[in-house]
Amino acid sequence: MTDPFLLQVLTGSLRSAAGKMACVLAAAAASPALKYCLDCSAAIYSPEGRLLAVADGLPLHPGIFPAAVGGVIKSYPVQSLQQGDCIITNDPYLTGSPASYILALSPVFYGGRPLALAASLARHSDLGGSAPGGMSALSVDIFQEGIRIPPVKIVRRGEPSARLLSLLTSNVRIRDGFLGDLRAQVAASRSAEKALVELAAKYGPEKLRRCMSEIVSHSNRKIRTALKGLPPGDHRIEESIGWNGPRGGVLKISITLKIAGESLTADFTGTQSQVAGPVNITAEAARACVYTAVWSALEPGLPLNDGVFGPIEVTAPDASLVGARFPAAVALGNLVTGRRIIEAIYGCLAGIRTGVRPTAGTGSVAVVTFGGVDPRHGSYYAWVETIEGGRGAGPHGDGPDGGRPALGAAAAPVEVMEQCCPLVVNSCGLAGGTGGAGKYRGGAGVRKSITFLEDVSVISAAASPAESPREPGGDLPAGCPRVSIRRPGGAGEVTGLSPGRFAGTLEKGACVSLETPGGSGFGNPLERDPEAVMADVLEGFVPEEEAVRVYGVILDNRGLRFDPEATAGIRSEMRKSDPGVKERQTDFR
Amino acid sequence: MDLPSRTPAWRLAVDTGGAFTSGCAYLENTGETVCLRVPSDPGGPAPSALRVLAGLCDGKGMGADGLELIIHGTTAADGMVPGTAIALLVTRGFRDILYVGRNQQPRFYDPEAPQAVPPVSRRFTFEVDERVLPDGQVLTPLREHEVAGLIPRLRESGIRSVAVCFLHSYANPAHEQRTREILSRQMPEMPVILSSDILPVAGEYERACAAVISAACRPLVDEYLGSLGRHLEGLRINNSPRFFFMQSDGTLATSRHARAESARIVLSGSAGGVLACLRLAQTTGRPNLITFDMGASGARISLIIRGRIPPVSQGRSQGRPLGFPSLEIITRPVGGASTARLDPGGKVRVGPGCAGSRPGPACYGRGGTLPTCTDANLLLGRISPRRDLPGGIRPDAALAREALEKHLAAPLGITADLAAREVIKAANAVIARAIRTITLDRGYDPREFTLVSFGGSAPQHAAELALELGIPRVLVPRRPGTQSALGMLFADVHREYSINLNIPADQADTNEINEAYSNLEARAREELAAGGVPLPRITVCRSAVLRLRGQGGETDMQVPAGKLKQADLNLLNRAFKLACQAECGFLPGGAETEIVRLKLAAVGKTALEAEGSRRKSPAGPGGPPPSPEGSRAVVFHGNPLETPVYHRSALGPPAKLKGPAVVEEDDTTILVWPGMSASADLYGNMIIEVENK
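Sequence order for the protein chains is A and B. Anchor point for the first sequence: position 92 equals 230 in our numbering, and the numbering is continuous, going up by one each time. Anchor point for the second sequence: position 496 equals 580 in our numbering, and the numbering is continuous, going up by one each time.
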């Protein structure tokens with residue numbers, strides 16, 4: 139048994155090495171998605187493909203990685219690899235991510251023997267497919283989502299494969315960006331290689347390998363203990379997502395969480411079959427969602443590695459929404475379906491563990507992709523924008539405002555967006571008056587308005603909970619994200635066929651406005667602290683007339699003070715006339 | 085020949101904290117340092133600095149006339165942001181620039197993570213009609229009367245400073261500059277900070293944050309310079325001393341730059357201590373140090389690895405980007421005057437509340453009723469009940485006992501002594517976790533480090549922490565209470581200048597580049613000289629930022645001095661391509677190099693070569709062991725142990741003493757646990773060996 143201090147040091151070293159990979163990747167990257175949004179992750183694996191350490195980053199990736207790495211080393215057994223090799227693949231059925239994400243894997247050797255694998259998963263700005271950016275809501279099969287690269291050796295002993303690169307760059311819209319991002323991934327692998335070789339030199343490769351094994355066992359023991367601490371039993375979760383993409387509908391997901399002793403099974407039996415639109419996820423991705431949710435809910439401080447996955451079983455029916463069968467489209471699956479699964483399982487487990495369900499997210503998200511040729515330099519640009527809505531309030535406080543991605547990558551600065559695409563962002567900010575009323579106010583939604591300076595093809599779609607979130611006491615229906623288009627030449631406002639949905643080409647000068655709804659409120663608005671209502675009015679989150687009509691708070695004519703007597707008076711009257719009724723806000727403004 | 089008697093020249097470094105202010109004076113001719121620590125003035129950093137100055141001049145005989153240079157660092161700036169009323173002016177449509185910011189979640193899925201509070205609320209954010217495009221072109225001209233129309237509202241809101249952040253102002257600052265002109269004409273006293281001055285790069289959230297934080301700190305810097313300037317004038321000093329400010333990254337800024345870009349000083353208070361430790365690493369030959377500074381209001385921990393301070397990172401304060409680099413220091417609100425309470429779960433927690441110096445810990449007898457770490461240490465016998473605490477306060481153990489009894493012991497149903505033990509355990513737990521984060525989590529083994537402890541409170545906690553974390557030895561420098569101020573004397577003035585080029589390398593014109601560098605150099609020398617750095621002490625170092633066209637990833641390449649010829653540029657391009665190759669192993673054919681930016685780093689050598697009075701004392705022959713002044717009961721693990729009390733001056737090399745022991749000095753008390761041994765090295769640093777074999 140190794141010295142526990144040394145284990146801690148090595149756990150930290152491996153995690154640092156993965157973190158350094160992610161930094162190198164972002165620093166060397168070409169596209170804003172990687173540089174600013176950090177839509178990537180980096181991890182270190184044992185030569186057998188077991189996750190050892192991962193950099194802090196996107197929640198879904200660590201769970202996806204194992205299957206991906208396993209798939210790659212099936213095609214390229216580690217014994218057949220050499221120092222300086224790099225394998226890439228973007229096959230969603232292997233990586234569990236949309237086709238725009240490339241997994242790059244390099245072996246690390248020491249003393250002629252394999253020591254570890256360094257891997258990064260990064261979103262490229264365009265890998266072909268029917269729409270620029272590859273996240274098109276219109277896709278109905280995998281072929282439309284981008285060129286599908288099975289595991290191929292793109293670098294052999296430090297020499298890139300010119301022919302492969304040529305094949306790939308002929309099929310992607312943004313050649314330089316692709317090459318730059320790929321180079322960044324390779325650079326990231328090399329930085330991990332350096333760090334790991336240093337570790338092996340310092341501690342000795344045998345000791346290092348032994349410690350790697352013990353680090354995994356340690357997390358395994360800890361997660362088992364955490365699971366044992368939960369009351370055994372079955373918990374059924376039913377989720378409905380309103381998907382408003384071009385082949386929209388209500389998506390139904392069923393999960394049965396079976397907690398028994400030291401293990402947990404997530405059984406998705408009962409989930410509907412896969413759909414034509416790109417919101418399916420593969421079984422591997424479903425597994426990844428469960429891993430992420432369980433780890434975050436039970437032991438977020440625990441080093442995340444293969445040991446955490448051991449006691450978790452996932453059953454995802456074949457050809458279902460969560461077990462997509464080739465050639466189903468999956469580009470928006472993680473964004474729409476995956477995140478809902480994570481939220482639902484996390485909420486259920488947190489509820490079991492602490493007795494309190496966390497605040498219900500609205501689950502609303504709007505996604506817009508657009509692209510075309512930028513006449514300023516004659517080459518392609520592509521952009522994917524996802525905006526979340528405000529989140530619901532809970533029993534302890536107001537809901538978080540929208541625009542802060544809880545599951546996604548960071549948002550790119552408006553200035554970078556304008557540098558990369560021929561457009562002007564007219565406005566971007568929180569929408570006052572959209573947070574649901576209650577003792578605790580729901581988070582505000584987000585509004586973003588863009589005017590395109592050139593002809594562009596735009597596809598937008600949205601997802602939101604199909605039914606109101608089930609918190610006790612607060613039951614405001616969360617609205618649906620909305621897209622409205624104003625074409626130049628005064629053709630008038632055109633709203634999508636159904637809220638949030640649009641696909642087509644827009645002329646130069648067209649203006650697209652995207653609005654996401656606010657979150658639901660919690661509790662009786664008449665019980666909201668009048669000081670808080672006053673602050674809401676001053677800050678522009680609640681219109682003054684709503685302060686009176688819904689919250690029963692009377693402000694003086696400058697709005698800087700509330701009148702406690704008048705407020706008490708009007709509130710008792712409102713209670714008398716409608717006891718137990720909670721004021722509701724309609725859809726959203 | 086009659087020589088006029090002149091007051092000896094000296095320089096002063098002042099570190100103003102919440103509860104205490106320390107000053108280190110360095111005499112230029114003898115190399116002697118004189119240090120002093122006084123309780124801070126509740127009025128803020130400026131009156132506190134004046135107190136130290138007065139103390140040094142009156143109490144320690146320094147002549148005010150000889151003061152040539154003052155360096156100022158502070159921990160107060162970190163708290164400025166929520167406190168100061170700032171207004172933010174933005175492009176219309178972007179009122180929520182600080183709300184819909186680029187908040188990346190640092191963890192994985194964590195829906196319960198608290199929402200960050202923007203430093204300026206919506207009601208103080210005002211939109212202005214103007215719009216600039218990414219290339220600097222104006223889409224909508226600035227509506228000047230709209231800006232003027234804001235003035236009455238700004239006046240009546242009690243705003244102390246204004247930050248302006250318009251989109252793409254890094255490409256075209258004209259609108260921001262005009263806005264400042266309009267506001268300043270009618271409100272000449274109101275500081276107006278432009279984002280294009282502070283951080284002229286793309287990324288509106290970071291730029292707005294940097295501008296806002298600078299706007300918040302500007303009144304502090306102004307007030308400091310104003311009061312000190314007036315005071316020194318009042319003393320009718322012949323040549324007024326030059327002022328420098330410590331920056332968060334361990335270098336100095338001229339007062340002009342500190343005023344204009346006040347966010348630079350936000351984390352300055354911690355930086356001085358780290359510099360002092362760097363010197364210690366060099367003089368004592370211990371390259372791996374964990375620096376542990378614990379004062380009245382907080383603890384600050386950082387690392388020195390292989391004799392170097394780890395590379396500087398993007399500064400952040402309270403979760404927001406500062407826009408300027410800072411040293412990597414972990415701060416925790418656990419200090420000597422931090423108050424202890426029971427959390428809802430019944431556990432003892434220390435901080436973030438702090439009693440400061442007024443009312444201060446309960447034992448101060450100034451009306452403080454909450455128990456603090458100092459109270460706990462007093463009750464456990466670790467602090468002397470008979471010595472004055474800094475500031476001439478005689479501690480009252482009865483008051484300490486009462487506070488611990490009432491707030492912790494009684495609710496928990498334990499004795500006050502046990503409660504005191506719990507307070508120290510709780511404080512140490514926070515610090516230990518921070519030390520683990522900075523070592524183990526990054527792959528460093530604490531067993532390979534020395535724990536350097538300074539500040540008023542650290543030496544009381546250090547030995548116990550070292551034992552818990554496996555750190556083999558503790559080093560307590562001389563005059564630990566004033567190390568942060570001392571460290572500032574080892575800082576150089578640093579400033580970076582740059583100009584954007586964005587041209588392909590093969591189209592670069594050597595004349596243009598040479599001229600650009602000359603201009604940057606001229607500006608650098610002029611500004612540093614005007615700031616008080618003698619011209620011969622200014623050196624410059626040139627570099628250029630290159631990247632592969634369209635492929636991101638910028639690399640900083642050194643550029644040689646002197647007039648550049650085409651051959652030099654070709655060499656630079658080749659070197660860059662080789663660096664790219666080394667980074668990832670290959671270079672796609674046809675990749676074009678682009679020169680993004682020319683940079684010039686100017687350094688004004690102000691750092692002391694060595695602390696003169698840190699002379700080696702000759703190691704005497706082995707003499708008798710030091711004799712204690714007395715003894716008292718001290719609680720280490722369980723029951724009180726009768727422990728010898730020494731004065732630090734008794735411990736010169738090669739004297740060695742065995743724990744348990746208490747070593748006292750003016751600044752602080754050092755605890756040596758049973759089983760440990762302590763000695764002084766040739767420089768007067770005290771070394772505690774934790775595992776005494």
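Hints are not guaranteed to be accurate.
[To be verified] Some, not all, of what chain B presents toward chain A, calculated at C-beta under 8 Å:
{"id": "1", "residue": "Arg206"}
{"id": "2", "residue": "Ala286"}
{"id": "3", "residue": "Tyr289"}
{"id": "4", "residue": "Gly527"}
Since the hints were derived computationally from the structure, they do not count as laboratory data. Predicted model only: the values in this text are computed from it and were never measured. Even for Gly, the Cβ is constructed at its ideal location relative to N, Cα and C.
Hint check:
A hinted interface residue such as Arg206(B) counts as satisfied when its beta carbon comes closer than 8 Å to some beta carbon of chain A; here the least separation is about 5 Å, so the hint holds. Checking Ala286(B) against chain A by beta carbon gives a least distance of about 4 Å; that is within 8 Å, so the hint holds. At about 6 Å, the closest approach between the beta carbon of Tyr289(B) and any beta carbon in chain A falls short of 8 Å, and the interface hint on this residue holds. The beta carbon of Gly527(B) is positioned within 8 Å of a beta carbon in chain A (closest approach about 3 Å), and the interface hint is therefore held.
The structure shown violates none of the earlier numbered hints.
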